[in-house]
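Asker: With the hints as extra help, turn the sequences into a complete structure.
Following the working numbering, the numbering of the sequence shown begins with 394 at its first residue and continues without gaps.
Everything hinted at is true.
Okay, the calculated beta carbon distance ranges per label pair: (1) P454 <-> K423: 17 to 25 Å; (2) I409 <-> S477: 33 to 41 Å; (3) D463 <-> F432: 27 to 35 Å; (4) D478 <-> F432: 49 to 57 Å.
No lab work stands behind these hints, which were simulated from the structure alone.
Keep in mind that this is a model prediction, so the values were computed, not measured.
Ideal placement from N, C-alpha and C gives every residue a C-beta, glycine not left out.
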Amino acid sequence: MVAGKRMSKAKGKPPILTLSPEHEQQAIDKLKRLFADRFELDLGTFEVAEVLELFTREIAPHYYNRAIFDVQQHLKERFESIESDLWALEKN
Numbered sequence: 394m395v396a397g398k399r400m401s402k403a404k405g406k407p408p409i410l411t412l413s414p415e416h417e418q419q420a421i422d423k424l425k426r427l428f429a430d431r432f433e434l435d436l437g438t439f440e441v442a443e444v445l446e447l448f449t450r451e452i453a454p455h456y457y458n459r460a461i462f463d464v465q466q467h468l469k470e471r472f473e474s475i476e477s478d479l480w481a482l483e484k485n
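Answerer: Structure (structure tokens):
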């Protein structure tokens, strides 16, 4: 959440991923609109911030880890391609 300041009540530790204050406020505003438009729930900033914190703590790390895995795969494929290019340049 905000630069790791907010602590999880359930886990007693800050979330691994954090948002800038501006991005956190944008996310809260979007979630408030979603809850109002889709579910007819008029939640306050505090309640929506709790939902965002839960998402950040429990769900976002899975997306982060998947992104890291995807980058690793891409870099592995790219390295193999470069390695093949180097072998092709090798003189006999």
